[in-house]
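Top to bottom, those sequences are chains A and B.
Position one of the first sequence corresponds to residue 1 (this note's numbering), numbered consecutively onward.
Position one of the second sequence corresponds to residue 1 (this note's numbering), numbered consecutively onward.
Hints may be right or wrong, so weigh each one.
EDC-like mimics (lysine to aspartate or glutamate), calculated; alpha carbons at most 20 Å apart, straight line [unchecked claim]: (1) Lys-8/B to Glu-92/B; (2) Lys-8/A to Glu-31/A; (3) Lys-8/A to Glu-107/B; (4) Lys-8/B to Glu-107/A.
Simulated from the structure, these hints should not be mistaken for laboratory data.
Protein chains: 2
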Amino acid sequence: MERIPILKIGAALVVTIQVDMHDRVAMTLQEDLSTSIVASGAKGVLIDISALEIVDSFIGRTLANIASISRVLDAETVVVGMRPAVAITLVELGLALPGVRTALNAERGMALIRQRLAALGLTDGDGPAEA
Amino acid sequence: MERIPILKIGAALVVTIQVDMHDRVAMTLQEDLSTSIVASGAKGVLIDISALEIVDSFIGRTLANIASISRVLDAETVVVGMRPAVAITLVELGLALPGVRTALNAERGMALIRQRLAALGLTDGDGPAEA
């Protein structure tokens, strides 16, 4: 698996990270996500890391990069499903994921994205991307 | 990765298969999905297989089983993102995925699930599971 699938659901792009994020996988994900945001006009990116037992500085940096890239492309990134142990380790490592919004689970993460859509005066995005 | 994450989005459970579906992974996914459907009251299950380059008879059977289990639990399963080569191989193998609905991508798959919700007189499921 060199490529992490990106699902367009509503106005958001949904990604679940299940594989070890080696440099190449991370780079590919960044590129694919940027391309998808532009192509789909998605306003939000939901990244589920519930499968990750370890989030090292590289993954942390990758998530922060994705969040920054998305922001530039007018999409908000929400990281969901972080395990308690991962949160503890991140803070102990001094990786507070700056600029990355988090939510307990996918449902709440999507709610955050919908809130932003509402604030922008857009619909939930159940329809076409530009809805 | 022994466990495939299940995301609750709207009234659907979303799963992206990125790892090789060995017996144990497949069994765990079946159990986790059944549990999640009951716990969340989800009316649909969206399974993305765009990452799979090969769908053998075991995976085909697993998908069919998941669809049957979900149906018994009053949730519809939609398999999305199948690669053209995979579709060809499946048919050549005589595996037509009986009882499994398919859609081109996640967006259309979610549309199918929303149609069913509407037919059931339920909302899109953006709110709580029982919405």
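We went through each hint and held it up to the structure:
About 34 Å separates the Cα atoms of Lys-8/B and Glu-92/B, which puts this hinted pair outside 20 Å; it is violated. This hinted pair checks out: Lys-8/A and Glu-31/A have alpha carbons roughly 16 Å apart, not beyond 20 Å. Restraint check for Lys-8/A and Glu-107/B: the C-alpha separation of about 6 Å stays at or below 20 Å, so the hint holds. With a CA separation close to 6 Å, the supplied pair Lys-8/B and Glu-107/A stays within the 20 Å bound.
Checked against the numbered hints above, the structure breaks only hint 1 and satisfies the rest.
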